[in-house]
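Construct the entire structure; sequences and hints are all you get.
Each chain, written out:
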Amino acid sequence: MLTGSVTSAAEGAMEGVLVTAQRDDSPISTTVVSDASGRFRFPDGRLRSGHYRLRIRATGYELDGPQVVDLGTSTTNVAIKLRQTSDLAAQLTNAEWFMSMPGTAEQKRPLIECMSCHTFERIVRSTYDADTFVPLLKRMAQYANNTTQARVQSRVAARDVNDDSVRKLAAYLATVNLSRAPTGSPTTHSPTWNYKLQTLPRPKGRATRVVITEYDMPEKTIAPHDVRIVRDGQNGDGYVWYSDFVENFLGRLEPESGAIVEYPIPVSKPAFPTGTLDLEADADGNLWLALMFQTGLARFDTKSKTFKIFPLPADLNDDAMQQSMVMPGSANVDGKVWTNDVVRQSIMRLDLKTGSYERIDPFAFLGKGHIHAPYGMAADKANNLYFMDFGGEAVGRVDAKTGETTLFPTPTEKSRPRRTMLDDEGRLWFTEFAADKLAMFDIKAETFKEWDVPTPHTYPYDVFRDKNGELWSGGMASDRVLRFDPQSGKGIEYLLPRPTNIRRVFVDNSTNPVTFWAGNNHGAEILRLEPLD
Amino acid sequence: MVLSRRWLFVASMAAATVLISAVPPARAGGVNFGEDSDNNDGPSYFGFVRDADGSPVSGARVTAAPQAGGSLVTRSNSMGIYKIPGFAKEIDPKTVDISCAKDGYGQANVVRRGQADLKDPVEVDCTLQKQ
Numbered sequence: 001m002l003t004g005s006v007t008s009a010a011e012g013a014m015e016g017v018l019v020t021a022q023r024d025d026s027p028i029s030t031t032v033v034s035d036a037s038g039r040f041r042f043p044d045g046r047l048r049s050g051h052y053r054l055r056i057r058a059t060g061y062e063l064d065g066p067q068v069v070d071l072g073t074s075t076t077n078v079a080i081k082l083r084q085t086s087d088l089a090a091q092l093t094n095a096e097w098f099m100s101m102p103g104t105a106e107q108k109r110p111l112i113e114c115m116s117c118h119t120f121e122r123i124v125r126s127t128y129d130a131d132t133f134v135p136l137l138k139r140m141a142q143y144a145n146n147t148t149q150a151r152v153q154s155r156v157a158a159r160d161v162n163d164d165s166v167r168k169l170a171a172y173l174a175t176v177n178l179s180r181a182p183t184g185s186p187t188t189h190s191p192t193w194n195y196k197l198q199t200l201p202r203p204k205g206r207a208t209r210v211v212i213t214e215y216d217m218p219e220k221t222i223a224p225h226d227v228r229i230v231r232d233g234q235n236g237d238g239y240v241w242y243s244d245f246v247e248n249f250l251g252r253l254e255p256e257s258g259a260i261v262e263y264p265i266p267v268s269k270p271a272f273p274t275g276t277l278d279l280e281a282d283a284d285g286n287l288w289l290a291l292m293f294q295t296g297l298a299r300f301d302t303k304s305k306t307f308k309i310f311p312l313p314a315d316l317n318d319d320a321m322q323q324s325m326v327m328p329g330s331a332n333v334d335g336k337v338w339t340n341d342v343v344r345q346s347i348m349r350l351d352l353k354t355g356s357y358e359r360i361d362p363f364a365f366l367g368k369g370h371i372h373a374p375y376g377m378a379a380d381k382a383n384n385l386y387f388m389d390f391g392g393e394a395v396g397r398v399d400a401k402t403g404e405t406t407l408f409p410t411p412t413e414k415s416r417p418r419r420t421m422l423d424d425e426g427r428l429w430f431t432e433f434a435a436d437k438l439a440m441f442d443i444k445a446e447t448f449k450e451w452d453v454p455t456p457h458t459y460p461y462d463v464f465r466d467k468n469g470e471l472w473s474g475g476m477a478s479d480r481v482l483r484f485d486p487q488s489g490k491g492i493e494y495l496l497p498r499p500t501n502i503r504r505v506f507v508d509n510s511t512n513p514v515t516f517w518a519g520n521n522h523g524a525e526i527l528r529l530e531p532l533d
Numbered sequence: 001m002v003l004s005r006r007w008l009f010v011a012s013m014a015a016a017t018v019l020i021s022a023v024p025p026a027r028a029g030g031v032n033f034g035e036d037s038d039n040n041d042g043p044s045y046f047g048f049v050r051d052a053d054g055s056p057v058s059g060a061r062v063t064a065a066p067q068a069g070g071s072l073v074t075r076s077n078s079m080g081i082y083k084i085p086g087f088a089k090e091i092d093p094k095t096v097d098i099s100c101a102k103d104g105y106g107q108a109n110v111v112r113r114g115q116a117d118l119k120d121p122v123e124v125d126c127t128l129q130k131q
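Just so you know, the sequences run in chain order A and B.
For the first sequence, this note's numbering begins at 1 and goes up steadily by one.
For the second sequence, this note's numbering begins at 1 and goes up steadily by one.
Don't read these hints as lab results, they were simulated from the structure.
Some hints here could point you the wrong way.
As the list claims (entries may be wrong) - Think about it this way: if two alpha-carbon atoms lie no more than 25 Å apart in a straight line, the pair counts; the simulated DSS-like pairs of lysine-lysine are:
(1) A/368 <-> B/119
(2) A/414 <-> B/89
(3) A/414 <-> B/119
(4) A/368 <-> B/102
As the list claims (entries may be wrong) - Just a few of them, taken from the derived set where beta-carbon distance is under 7 Å, the chain B residues facing chain A:
(5) 37
(6) 39
(7) 40
(8) 41
(9) 70
(10) 73
(11) 74
(12) 78
(13) 81
(14) 88
(15) 104
(16) 105
The C-beta atom is built at its ideal place from N, Cα and C for all residues, glycine as well.
Rendered as structure tokens:
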């Protein structure tokens with residue numbers, strides 16, 4: 001067992017410092033957080049005997065020592081000392097860069113596209129002027145969505161890039177990087193920006209009562225995007241399944257050992273980007289994946305461990321085709337599975353019996369010139385589809401019988417609704433990514449409720465309502481998991497040990513308290529967060 | 001076991017990259033660096049939902065349905081006002097049906113006001129009759 005204290009010369013005993021221990025030969029890291037008196041304690045039985053490396057996270061500080069600890073069978077007590085860092089910029093989250101960088105909301109908005117692939121550290125440390133940024137931004141716009149630092153993938157079909165927008169963004173970026181900083185250089189440890197670096201506060205009180213487990217993937221290129229446990233009467237194996245955003249594998253994590261098994265998904269378009277996004281279960285416990293640039297849908301039988309691919313017909317399967325979402329949840333009702341066509345901004349529906357796809361354009365009656373994107377999907381018990389318009393500001397409904405589309409604009413304009421879940425009481429819980437809000441749409445009353453997330457620039461990607469009615473969310477920018485009570489409108493935020501680009505979130509309701517899971521597609525890890533209350 | 005699967009995969013990708021230049025590029029999709037044009041939008045819609053006494057009715061369901069299909073649905077606010085962003089400019093506002101509904105009320109009357117300019121927002125007011 002491991003307990004201890006955290007102190008620094010500047011603050012004395014420190015609350016809200018994340019202390020991480022990882023045994024030398026293990027893919028599993030365990031993290032706890034120091035309390036108000038600076039004490040921390042790893043739960044009994046979590047750390048076996050062995051040689052452990054220690055890490056900390058406390059913005060503004062680094063670990064002075066000890067760096068390692070040997071654990072035996074009795075309790076080990078360590079006094080952890082922190083020193084102030086000489087390189088604060090290396091520790092900032094994207095949310096903190098957004099807070100720090102001067103400029104208008106309009107100037108900063110395009111940066112939310114950048115953070116899909118990387119943190120802003122590489123932008124602000126650069127010395128490029130506006131003219132140098134232009135071709136660089138145009139090149140990056142041709143990368144596939146499913147690109148990470150570990151594996152860049154280029155699109156085959158080129159995307160149109162608006163020259164004016166690129167020049168505006170380039171000019172802005174050249175004002176926040178080191179291209180005209182008075183002193184310092186990106187190669188030293190203390191470059192100087194011409195603005196103050198703002199930081200978010202450390203966790204306090206209830207936000208320190210948590211145990212976080214990180215599972216390192218066996219390869220740096222593995223990018224867990226959607227993570228979920230398949231555990232119910234139909235197919236309860238209790239394994240943690242994940243989609244890999246950049247490689248054509250479906251993965252399975254065994255939570256006790258951290259062992260990973262990968263099931264290769266057939267590659268049908270070898271010249272095109274690989275990797276999948278949405279991972280959903282059908283009523284029989286099969287797992288479904290939308291195959292992105294490989295196109296088509298895949299159904300994985302978790303018992304026989306085999307895939308069945310539902311390919312697109314040739315006339316739909318052009319170079320630009322990209323399918324990110326799949327919704328097979330109520331396919332048992334009418335034999336139909338919902339999916340999307342990202343490029344033509346439309347809904348598609350697979351007929352399981354014939355293998356044919358039909359197209360529904362939910363935005364046909366709207367003016368061309370606005371960006372729309374059917375994204376997060378949920379199906380009700382009659383297999384009517386509810387989808388998020390991630391490009392715009394609406395929740396959409398497609399009637400399963402008539403194909404008729406209804407759009408419900410969100411109260412907040414340009415909210416960009418992203419992923420969603422439908423609860424048993426007929427309420428869609430979803431995030432308004434660009435508006436920094438959690439939201440609810442009651443599908444019977446057709447009314448909305450919206451809540452601001454506590455930290456601006458969180459950019460929440462997904463939300464999950466647990467069995468107690470609490471909402472769990474996270475985003476690409478703040479490295480924080482949000483636990484939110486919609487009754488009181490209050491939330492707490494758990495800081496994560498490493499830079500984490502949170503996408504799909506999942507809550508395991510079978511534990512008390514509940515357990516939160518997410519992938520870190522930028523950091524080749526899967527995260528488990530167990531609140532202690 | 002896992003490793004061999006990965007190596008096979010990586011090998012197939014390496015072979016595949018040779019083919020990229022042979023595939024003619026297609027144009028598709030804009031990059032969302034903030035461009036958003038309303039040049040092709042028709043007028044937006046707004047109006048008041050009132051009861052027979054002229055008092056505002058909040059929370060009424062307002063539907064705007066073009067003849068061509070599909071619909072936009074919103075609710076009136078605490079002052080009985082609703083707003084709908086509008087449709088493509090090819091859709092003649094005259095062919096867009098506006099209707100209002102609320103539990104306990106019947107739709108009594110829908111009044112469409114004239115537009116001074118075709119680009120002006122279209123005002124359509126509803127009167128609901130308490131049942």
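To see whether the hints hold, each was checked on the structure:
1. A/368 <-> B/119: Since the Cα atoms of residue 368 of chain A and residue 119 of chain B sit roughly 16 Å apart, the hinted pair holds (cutoff 25 Å).
2. A/414 <-> B/89: Distance of about 20 Å is within 25 Å: holds.
3. A/414 <-> B/119: 22 Å, holds
4. A/368 <-> B/102: 32 Å, violated
5. 37: The hint holds - residue 37 of chain B has a Cβ within 7 Å of chain A, the shortest such distance being about 4 Å.
6. 39: 6 Å, holds
7. 40: 4 Å, holds
8. 41: At 4 Å from the nearest chain A Cβ, residue 41 of chain B passes the 7 Å test, so the hint holds.
9. 70: 5 Å, holds
10. 73: Because about 5 Å separates residue 73 of chain B from the closest Cβ in chain A, which is inside the 7 Å limit, the hint holds.
11. 74: Given a least distance of 6 Å, the restraint on residue 74 of chain B holds.
12. 78: Violated, because the Cβ-Cβ distance from residue 78 of chain B to chain A comes to roughly 12 Å (cut-off 7 Å).
13. 81: Since chain A brings no Cβ nearer than about 13 Å to residue 81 of chain B, farther than 7 Å, the hint is violated.
14. 88: 4 Å, holds
15. 104: Since the shortest Cβ distance to chain A is 14 Å, the answer is violated.
16. 105: The hint is violated - residue 105 of chain B has no Cβ within 7 Å of chain A, the shortest such distance being about 15 Å.
Going through the hint list in order, the structure does not satisfy hints 4, 12, 13, 15, 16.
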